[in-house]
Amino acid sequence: DGGITQSPKYLFRKEGQNVTLSCEQNLNHDAMYWYRQDPGQGLRLIYYSQIVNDFQKGDIAEGYSVSREKKESFPLTVTSAQKNPTAFYLCASSFAGGYNEQFFGPGTRLTVL
Amino acid sequence: AQSVAQPEDQVNVAEGNPLTVKCTYSVSGNPYLFWYVQYPNRGLQFLLKYITGDNLVKGSYGFEAEFNKSQTSFHLKKPSALVSDSALYFCAVRIGAFYTGTASKLTFGTGTRLQVTL
Numbered sequence: 001d002g003g004i005t006q007s008p009k010y011l012f013r014k015e016g017q018n019v020t021l022s023c024e025q026n027l028n029h030d031a032m033y034w035y036r037q038d039p040g041q042g043l044r045l046i047y048y049s050q051i052v053n054d055f056q057k058g059d060i061a062e063g064y065s066v067s068r069e070k071k072e073s074f075p076l077t078v079t080s081a082q083k084n085p086t087a088f089y090l091c092a093s094s095f096a097g098g099y100n101e102q103f104f105g106p107g108t109r110l111t112v113l
Numbered sequence: 001a002q003s004v005a006q007p008e009d010q011v012n013v014a015e016g017n018p019l020t021v022k023c024t025y026s027v028s029g030n031p032y033l034f035w036y037v038q039y040p041n042r043g044l045q046f047l048l049k050y051i052t053g054d055n056l057v058k059g060s061y062g063f064e065a066e067f068n069k070s071q072t073s074f075h076l077k078k079p080s081a082l083v084s085d086s087a088l089y090f091c092a093v094r095i096g097a098f099y100t101g102t103a104s105k106l107t108f109g110t111g112t113r114l115q116v117t118l
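If you read the sequences in order, they're chains L and H. For the first sequence, my numbering begins at 1 and goes up steadily by one. For the second sequence, my numbering begins at 1 and goes up steadily by one.
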């Protein structure tokens, strides 16, 4: 099946730990994105990448880092510098060009203990 | 700058009645507009988009949306609601261009919860 996969589905982190969320797509999409979803705030863009080895900060990049070493993969690391990391994290991908819709993965729910 | 407003946090509709979920936007240029639906603890699913052309856009699951440039609106509609349509709906916008070099950077509204009852 073609699509976007995210793992794990649920993730628990202790204070001061870094954690990495996985995102993989087999849709041959050029662009990939990470969003954070909090209740009542919609989706906010963390980072996005148009091509391999290139990525840009979104609206709320502080405390997060990404890499894009392969076209299919765009992992997100939530660092200890992120003050309030408990949220639902969504990965998406699309073909290049602003008229193309984004396809979303099933999400990872991160909880800080 | 670009922004999206979904003025209603929740919309309640009886099954079989028409539904409307409202969206207004603000962009400095021609807009590309999108509607997505989210079921509990799931990712977003694409419903439909407006890029150019006919103002009435038809999408998945019987949904449609009307682009109104003068009112800067893109309301989502369905002639007859189903209980299974109950979900969270998001409107999103970006500045339209064939390719701006900034990927498809979308701005999302805060979402409207649709509750369809028997």
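To be clear, the hints were calculated from the coordinates, so they are not data collected in a lab. Note that CB positions come from ideal geometry on N, CA and C, so glycine has one too. Honestly, I wouldn't trust all of these hints.
[Stated by the list, open to error] To give an idea of the chain H side of the interface with chain L (calculated C-beta under 7 Å), a few residues:
no., residue
1, Tyr32
2, Tyr39
3, Gly43
4, Val57
5, Lys58
6, Gly59
7, Arg94
8, Phe108
9, Gly109
10, Thr110
11, Arg113
12, Val116
Hints violated by the structure (listed by number, smallest first): The structure breaks hints 2, 4, 5, 6, 11, 12; every other hint is satisfied.
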